[in-house]
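Participant: Heads up: the sequence shown begins at 70 in my numbering, then just goes up one per residue.
Don't read these hints as lab results, they were simulated from the structure.
Keep in mind the model is a prediction, meaning the values are calculated, not measured.
Backbone N, C-alpha and C fix where the C-beta goes; we use that ideal spot for every residue, glycine too.
Please note that a few of the clues may not be correct.
Unchecked claim - Label pairs and their calculated CB-CB ranges:
1. Ala146 with Pro84: 17 to 27 Å
2. Ser115 with Cys157: 31 to 41 Å
3. Ser105 with Ser154: 32 to 42 Å
4. Thr71 with Asp92: 38 to 48 Å
5. Arg167 with Arg106: 32 to 42 Å
6. Arg130 with Ala82: 18 to 28 Å
7. Pro84 with Leu153: 16 to 26 Å
8. Ala133 with Asp168: 25 to 35 Å
9. Pro112 with Gly170: 47 to 57 Å
10. Cys157 with Ser113: 32 to 42 Å
11. Ala155 with Ser110: 32 to 42 Å
12. Arg131 with Leu153: 28 to 38 Å
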Amino acid sequence: MTEESASVFRALADPTRRQILQDLREGERTAGEIASRFTISGPSISRHLSILKAAGLLTERRKANRIFYGLVEDRLANCVGGFLSAVCPEQVVLRKRRDAGKEAGAS
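Let the hints inform the model, and build the full structure from the sequences given.
Facilitator: Shown next, in the form of structure tokens:
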């Protein structure tokens, strides 16, 4: 596993960070909106956001004095998918068969 992939899995190890990612699937949120969903301190949320951003799982957009965070879905999907393909190669074969069946049905 590359260091890049390892940083994603380290980021996913914490339940607060996983919840932040789940919350962001609905769209961008400000740091304040994210923090309001938790009972932990603002600095703790900031640290979680920094870890997720360093792992490449979040985008950050500034607008005036607000910071909006968004989910980098491709990064998460590619990293976890790559790991699963390496660990469970039969899943790749099953997915290819499933996709081939969908294409044949569409013709």
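Participant: Confirm or reject the claim that Thr71 and Asp92 have a C-beta distance inside 38 to 48 Å.
Facilitator: violated, 27 Å
Participant: Is it true that Arg130 and Ala82 lie within 18 to 28 Å of each other by Cβ?
Facilitator: holds, 26 Å
Participant: Do Cys157 and Ser113 keep their Cβ atoms within the hinted range of 32 to 42 Å?
Facilitator: Distance hint for Cys157, Ser113 holds at roughly 35 Å.
Participant: Is the distance from the Cβ of Ser105 to the Cβ of Ser154 consistent with 32 to 42 Å?
Facilitator: Holds - the Cβ-Cβ distance for Ser105 and Ser154, about 37 Å, lies within 32 to 42 Å.
Participant: Just tell me: holds or violated, for the beta carbon distance of Ala133 and Asp168 against 25 to 35 Å?
Facilitator: violated, 45 Å
Participant: Given a hinted range of 16 to 26 Å, is it respected by the beta-carbon distance of Pro84 and Leu153?
Facilitator: Given range 16 to 26 Å: holds, Cβ gap about 21 Å.
Participant: For the pair Ala146 and Pro84, does the Cβ-Cβ distance stay inside 17 to 27 Å?
Facilitator: Between Ala146 and Pro84, where Cβ atoms are some 20 Å apart, the hint holds.
Participant: When you take the CB atoms of Arg167 and Arg106, is the distance between them in 32 to 42 Å?
Facilitator: holds, 36 Å
Participant: So the hint says 47 to 57 Å: do the beta-carbon atoms of Pro112 and Gly170 match that?
Facilitator: holds, 51 Å
Participant: At the C-beta level, are Ala155 and Ser110 separated by a distance inside 32 to 42 Å?
Facilitator: The hint (32 to 42 Å, Cβ to Cβ) holds, given that Ala155 and Ser110 are roughly 38 Å apart.
Participant: Is 31 to 41 Å right for how far apart the beta carbons of Ser115 and Cys157 are?
Facilitator: Holds: the Cβ-Cβ distance is about 36 Å, inside 31 to 41 Å.
Participant: Does 28 to 38 Å hold as the CB distance between Arg131 and Leu153, or does it fail?
Facilitator: At roughly 35 Å between Cβ atoms, Leu153 and Arg131 fall inside 28 to 38 Å, so the hint holds.
When each numbered hint is compared with the structure, violations occur for hints 4 and 8.
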